[in-house]
Structure formats: structure tokens, C-alpha cells
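Enquirer: Sequences listed follow chains C and F, in order. Just so we're aligned: the first sequence equals residues 2 to 122 in the working numbering. Just so we're aligned: the second sequence equals residues 24 to 154 in the working numbering.
Any given hint could be a false lead.
Claimed, not checked - Example chain C residues on the side facing chain F (calculated, C-beta under 8 Å, incomplete):
#: 1; residue: His65
#: 2; residue: Glu67
#: 3; residue: Thr69
#: 4; residue: His70
#: 5; residue: Gly106
#: 6; residue: Glu107
To be verified - Residues of chain F placed beyond 10 Å of chain C at every Cβ, according to the derived structure:
#: 7; residue: Asp86
#: 8; residue: Ser126
#: 9; residue: Leu152
Bear in mind the hints are in silico, worked out from the structure with no lab data behind them. Predicted, not measured: the structure shown is a model, and the values here were computed from it. Cβ atoms here follow ideal geometry from the backbone N, Cα and C, with glycine treated the same way.
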Amino acid sequence: MRKGICSIVILLVVILLTSCATTQSRYSMLGQSYPSRAEDCKVDIFKTGSPDKKFIKVSRLDVHLEKTHFIGSSFEDALPELKKQACKSGADAIIDVQERSSMVGETKIYHVTATGIKYLE
Amino acid sequence: MRENRSAMIFPVVLLLVVALAGCASIPTKPEVEGVIFQKPADVVQKAAVDALVVMGFDVKKSDPLYVEGFRPRKVGLFVGSGGETVGIWLESLEPSKTRVRVSTAKSLAGVVGQKNWDAEIRAEMEKILGK
Numbered sequence: 002m003r004k005g006i007c008s009i010v011i012l013l014v015v016i017l018l019t020s021c022a023t024t025q026s027r028y029s030m031l032g033q034s035y036p037s038r039a040e041d042c043k044v045d046i047f048k049t050g051s052p053d054k055k056f057i058k059v060s061r062l063d064v065h066l067e068k069t070h071f072i073g074s075s076f077e078d079a080l081p082e083l084k085k086q087a088c089k090s091g092a093d094a095i096i097d098v099q100e101r102s103s104m105v106g107e108t109k110i111y112h113v114t115a116t117g118i119k120y121l122e
Numbered sequence: 024m025r026e027n028r029s030a031m032i033f034p035v036v037l038l039l040v041v042a043l044a045g046c047a048s049i050p051t052k053p054e055v056e057g058v059i060f061q062k063p064a065d066v067v068q069k070a071a072v073d074a075l076v077v078m079g080f081d082v083k084k085s086d087p088l089y090v091e092g093f094r095p096r097k098v099g100l101f102v103g104s105g106g107e108t109v110g111i112w113l114e115s116l117e118p119s120k121t122r123v124r125v126s127t128a129k130s131l132a133g134v135v136g137q138k139n140w141d142a143e144i145r146a147e148m149e150k151i152l153g154k
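Sequences are here, hints too, so could you generate the full structure?
Expert: Next up, the structure:
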């Protein structure tokens with residue numbers, strides 16, 4: 002009897018520990034390719050508006066976060082990955098940030114799409 | 024004896040769950056009219072890929088006239104999610120006219136936490152293509 006209870010407890014602990022949090026991210030170039038920048042490069046974030054400098058749009062950036070157990074995600078959670086993808090695509094800054102949240106069962110979904118830009122001056 | 028049996032059942036159930044979790048279903052091309060976009064097939068194909076990414080699918084196939092994505096599985100406390108496979112078929116009707124058909128296949132394991140993504144993917148493609 003004790004063994005059975007133990008097995009159930011272990012199974013529950015395993016399920017809890019493996020509570021999934023997945024992060025998917027990518028960039029796609031909008032036209033011409035640019036050399037990647039260092040993974041931890043400096044990226045300016047314009048959650049609203051755009052920079053005063055002249056720029057061109059170079060990439061589409063997507064970061065998708067899903068967490069089970071009704072745990073939500075925010076822009077701050079996605080930001081490191083968003084910056085990483087911007088650097089990979091050779092972008093200097095991020096504009097046109099679009100966030101969306103939804104839910105499937107107990108999985109909370111957060112997706113952010115943005116545009117990577119390159120300064121011309 | 025009963026204790027031994029219950030101790031054996033759980034690993035077997037666990038193995039079965041893990042084994043089933045590896046299975047993915049294959050979507051079948053739906054016999055429906057689909058949606059027609061006034062855009063060339065290559066532009067619509069790119070929008071199909073972007074729509075899958077927005078919905079959290081890993082793009083597994085990205086052919087000129089077929090795109091397929093799989094949603095990674097998530098283990099939940101009560102109901103997990105993921106495990107669906109979506110197929111998007113494109114048909115070039117004219118140089119600037121493309122028909123799109125979408126179909127979601129749910130897998131055997133975790134079907135309770137799965138959903139049909141057809142409408143949301145079509146809506147996202149419409150948003151991207153500005154229909």
C-alpha cells in the first residue's frame with residue numbers, strides 16, 4: 002500500500018517538475034541579409050513609436066512563450082530572446098511591437114512580433 | 024501481491040503515456056473550398072509559415088505548396104496542451120490568386136488539451152496578407 006502511494010507521489014512530483022515552459026523564437030529577413038551582430042549586442046527598444054534617426058526595416062522577429070499551470074508571461078520575459086533574435090538578424094533596434102495573449106486549457110500563451118531595424122546614419 | 028501489482032502498474036502507465044506522447048497525427052487535405060487570397064503563392068506560403076510561428080507551431084515542412092507545423096507538447100497539472108499537427112495546402116489558381124486549405128490533426132495522447140487551429144491560422148494569414 003505504501004509503495005503505491007509512493008509511486009503516485011513520485012508521479013505527481015515528476016509532472017509538477019516537468020511543468021512545461023516552452024520558448025520558440027526566430028527571425029526572418031524582410032529583404033537583403035545583413036551580418037549578424039554579437040548575441041548580446043545593444044538593441045534599442047521602441048515599444049511605441051520609432052527612432053528619430055533614419056532607418057530601414059530589416060527583419061521580422063517572433064518570440065513565443067507558453068507555460069502550463071496557469072502561469073503567464075510578459076514582454077519582459079520575452080525581451081532577452083527578442084534582443085537575441087534582433088542581434089542575429091543584424092538589427093540595431095526594435096519597433097512595431099505587437100503582443101498577444103491567449104490560453105489553451107491551463108497553458109497560457111504569449112506571443113510578441115516585432116520589426117528589427119537598421120540605422121542608416 | 025496486490026502491493027507488487029500496484030507498484031508495477033504505475034511504471035507501465037508512465038511508459039505508455041511517454042510512448043503515446045511521441046506519436047503525431049498526419050493532417051489530411053480537406054475537401055473544402057478553402058480561402059482564396061489575391062496574392063502569389065510564394066507570398067501566401069510565407070504568410071502560412073508566419074501564421075504557424077505566431078500560433079506556436081514548429082515548422083516541420085516548408086514546401087512551395089505545402090506547409091506543416093507541430094505544436095510542442097506541454098505537461099500540465101490537469102490538462103496539458105500541444106501535440107497538434109497542422110497542414111496548409113496552397114493551390115496557385117492564377118499568378119496572383121492562391122487557394123489555401125488548412126487542416127488540424129489531433130494526436131491520440133493528450134487530445135483533451137488539443138484544439139482545432141484552422142480558423143485562427145486562416146485569420147492570422149488574412150491579417151498578414153491584409154485581406
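Enquirer: Hint by hint, say whether it matches the structure.
Expert: Okay, the hints, checked on the actual structure:
1. Nearest Cβ of chain F to the Cβ of His65 (chain C): about 5 Å, under the 8 Å cut. The hint holds.
2. Below 8 Å, beta-carbon pairs count as interface contacts, and Glu67 (chain C) has one with chain F at about 6 Å; its hint therefore holds.
3. A hinted interface residue such as Thr69 (chain C) counts as satisfied when its beta carbon comes closer than 8 Å to some beta carbon of chain F; here the least separation is about 4 Å, so the hint holds.
4. Using the Cβ-Cβ criterion of 8 Å, the hint placing His70 (chain C) at the interface with chain F is satisfied: the shortest such distance is roughly 5 Å.
5. For Gly106 (chain C), the interface hint holds, since its Cβ comes within 8 Å of a Cβ in chain F; the closest pair sits about 4 Å apart.
6. Interface restraint check for Glu107 (chain C): the shortest CB-CB distance to chain F comes to about 5 Å, inside 8 Å, so the restraint holds.
7. With a least beta-carbon separation of about 17 Å from chain C, Asp86 (chain F) lies farther than 10 Å from that chain, consistent with its non-interface assignment.
8. Every Cβ of chain C is farther than 10 Å from the Cβ of Ser126 (chain F); the closest lies at roughly 18 Å, confirming the non-interface assignment.
9. Every Cβ of chain C is farther than 10 Å from the Cβ of Leu152 (chain F); the closest lies at roughly 14 Å, confirming the non-interface assignment.
Violated hints: none; the structure is consistent with every hint.
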